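K.L.:
The residues making up each chain are set out below.
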Amino acid sequence: MALEYKHKKVLIVDDFSSFRRLMVRMLESLGAKDIDDAYSGDNAISKMQGKAYDIVLCDYNLGNDKKDGQQILEEAKHRGLLRYASIFVMLTAENTMPMVMGAVEYQPDDYLIKPITKDMLTRRLEKIMQRKSDFQDIENAVRSKEYIRAITMCDERAKDNPKYMLEYLRMKSDLCITTGRYDEAVAVFEEVLSMREISWAKMGMGKVHFQKGEYVKAKDLFEAVLNDNKTYMEAYDWLAKALQELGALEDAQKVLLTATGISPKAILRHQAIGDISSKIGDYDAAAVAFKSAIAIGKHSCFKSPSYYTGLARTMIKKDSSDEALQVLNSARHEFKGNREALFQTASMEGIVYKGMDRKEDARKAIQEATRLLEKLSGKVPVEATMDLARVCFDLGEKEQGMQFIQNIVRNNHDNDNVLEMVQGVFKDAQLENEGAKIIAITKNEVIQLNNQGVRLIEEGKLKDAIEYFEKAADGLPENKIINANAAQALIMYMQKNGTNEKYTTLASKYLDRIKSIDPSYDKYQKLLNMYEKVAGAYKGRDE
Amino acid sequence: MDNTERIIDFPAFLASMAHDMKNSLSMLLNTLDEVVSTCTSEKCPSHRHLSQMQYEATRVNFNLIQLLTLYKMDHDQFSINISHYPISEIIEEIILQNKPLLDFKGIEIFTECPDDLTWFMDSNLISGVINNILNNAYRYASNKILIRANEKNGWLVLSIEDDGQGYPEEMLGTDVQKGRGVSFKTGSTGLGLFFTSMVARLHKNKGREGFISISNGGEYGGGCFTITLP
Chain A
1 MALEYKHKKV LIVDDFSSFR RLMVRMLESL GAKDIDDAYS GDNAISKMQG
51 KAYDIVLCDY NLGNDKKDGQ QILEEAKHRG LLRYASIFVM LTAENTMPMV
101 MGAVEYQPDD YLIKPITKDM LTRRLEKIMQ RKSDFQDIEN AVRSKEYIRA
151 ITMCDERAKD NPKYMLEYLR MKSDLCITTG RYDEAVAVFE EVLSMREISW
201 AKMGMGKVHF QKGEYVKAKD LFEAVLNDNK TYMEAYDWLA KALQELGALE
251 DAQKVLLTAT GISPKAILRH QAIGDISSKI GDYDAAAVAF KSAIAIGKHS
301 CFKSPSYYTG LARTMIKKDS SDEALQVLNS ARHEFKGNRE ALFQTASMEG
351 IVYKGMDRKE DARKAIQEAT RLLEKLSGKV PVEATMDLAR VCFDLGEKEQ
401 GMQFIQNIVR NNHDNDNVLE MVQGVFKDAQ LENEGAKIIA ITKNEVIQLN
451 NQGVRLIEEG KLKDAIEYFE KAADGLPENK IINANAAQAL IMYMQKNGTN
501 EKYTTLASKY LDRIKSIDPS YDKYQKLLNM YEKVAGAYKG RDE
Chain B
1 MDNTERIIDF PAFLASMAHD MKNSLSMLLN TLDEVVSTCT SEKCPSHRHL
51 SQMQYEATRV NFNLIQLLTL YKMDHDQFSI NISHYPISEI IEEIILQNKP
101 LLDFKGIEIF TECPDDLTWF MDSNLISGVI NNILNNAYRY ASNKILIRAN
151 EKNGWLVLSI EDDGQGYPEE MLGTDVQKGR GVSFKTGSTG LGLFFTSMVA
201 RLHKNKGREG FISISNGGEY GGGCFTITLP
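Read top to bottom, the protein sequences are chains A and B. Taking my numbering, I'd label the letters of the first sequence as residues 1 to 543. Taking my numbering, I'd label the letters of the second sequence as residues 1 to 230.
In short, the hints are calculated from the structure, not lab data. A few of these clues could be false.
Label pairs and their in silico Cβ distance ranges [to be verified]: (1) 16(B) x 474(A): 37 to 47 Å; (2) 31(B) x 132(A): 54 to 64 Å; (3) 523(A) x 16(B): 20 to 30 Å; (4) 31(B) x 66(A): 22 to 32 Å; (5) 112(B) x 162(A): 32 to 42 Å.
Covered stretches of chain B, as calculated for chain A (at least 3 residues, CB under 8 Å) [to be verified]: (6) 21-34; (7) 135-149.
Since the structure is predicted, the reported quantities are computational estimates derived from the model, not experimental observations. From the three backbone atoms N, C-alpha and C, an ideal C-beta is built for every residue, glycine too.
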């Protein structure tokens, strides 16, 4: 596949100007006309925001304490600055380290080791183009959520094209996991592992065990991966998760600290260390971790208010409430205009003030949090809401606290873990009996709400059911059963009366919600199957 | 020595030095590349010298890669990255990298590799090994090199043969696997073999591990290097 460079928009990222000039000359000699260069990560991101590049050639190591190539890639993908057809190639001086550092979804299209010759560059770019076009229709199927069709395509390609068999099998296993088809995923991993001890297959197998709650098996596999491959960073994170589930918090903390020693810029890992360290009462380590997360997050799209609230919580434990307030104050500046962040900040302020016995300030903070919560649409952070409820109970604002709790229960009426946590809040507030009653009543309300809609479906009043569940799902965006039934009403209507764009879009929205809540929910796969058939028919495919 | 306190952590210092040198070397090689391409042999009297420079700089580059890789292996910072590759494509790419130099010296390079042969390996490491051997062959071959790859009893056998004088007698008898017996005085040939045997041994599958061997003779009667991978 010969590549035409004339109309390609190219970005070269390197901290050395002489190298940038050299690459520009090389690209020019290939016929490219539209070539930009950037000297740093921030510079690169701002250029990518202004122009949709076709080819990005990015150096991995951009200087100590600076954003590296992997971070640029992650940020660009996260912000949607790279289209599927765009090519991102990581350039490295010598090391193979970055190749195993990032998670799969944040892998570049290729790695090139310097010095880079013109012949090598063209050859690799052409191969990438070829691969992209080979995977294009699978990728399209995934984007229109025809996962089952995408899986079938992977099977066919793996058979037809044994040269790239492994890539198709890997793609298939990913698709199986995202759609909760764990047994099929295991079959793929077993097939691969029978050929070779490949780390990603072991890793995938471990993740499936984890999802199924088989934490010891999962732990053993993650350890095996790390035994082969000490820079397989994802394995540290999953090993820590498994250890946590097994109650070995100290070990989990140790594992994550080791990982941070190898790859110090992974922000989510710092947060995980902070959380675990708090749980085991190692507040010094927690403070260090949250501070690191805040510092790295300053210039990253992955910044989150939870690093600040985590640090504030740690400061309370260390008896420095004033410092906690300072941290929260800086969060307010950092997240101006972000309601969810401000909600979390205000909730935490309520907790700090209460601890300082400044009841009036605590009340004010809670009022602010309440106002913000009402305006929050979509995801309501369960833990922050629970914290807030706790403060309310402590301050004697029982009714307010109950409201928060009900909100949580409504969205999670089938999630025993959450309900147990809620019960814990009631217990601490010495409202155990009353709380149990509230939980039961609220749970029942949701069940009734759901049943009424199901009855509409059963009676064949699909139009009414659609309307009914749309309202219910908007009120309870985190409730998987309600969202599943909303999708089902839409799909059944389309099965009967033909497909239309409005309904397929809506159904796809509900399916996405279920996927993010619990991809292993068995009804989700059934719905996905049904959806694929109607959506496929809509596109005029004869399936 | 053991009880005296070191002023610097020498290996780490060496590694970061090597990294820095490699950056400069990349620039040097790239610039040379540009200069060479504007200066064809007929018109340009310096072409021969430039090619010599390219060759030497490439050697230094390979040596630095080996040095850094060995440093990382020694410090537990190295991870092998195994995937599945079409062997013919790997060989093609290596030839592409080495062709300008080999052409210049009038060495022709032949390959024998089934089109559908695929194997599990760390492609960077294996490319490094082949580049290394080709770089040596450049010095010793007269005018022919053969790269041969095929599958034998569940192993990938990859060999590079030339029509030169072959390996010196004293090297053939030694245990190349362990790098022992290779006199470091003989220069980069010994060091290179040490590195390649490390790479071979890193490739493991189901209780078997890769190995290298050297011999004289083969198709063209010269040196023959073989790396065998599970």
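K.L.:
List, from low to high, the hint numbers that the structure doesn't satisfy.
P.N.:
1, 2, 3, 5 and 7
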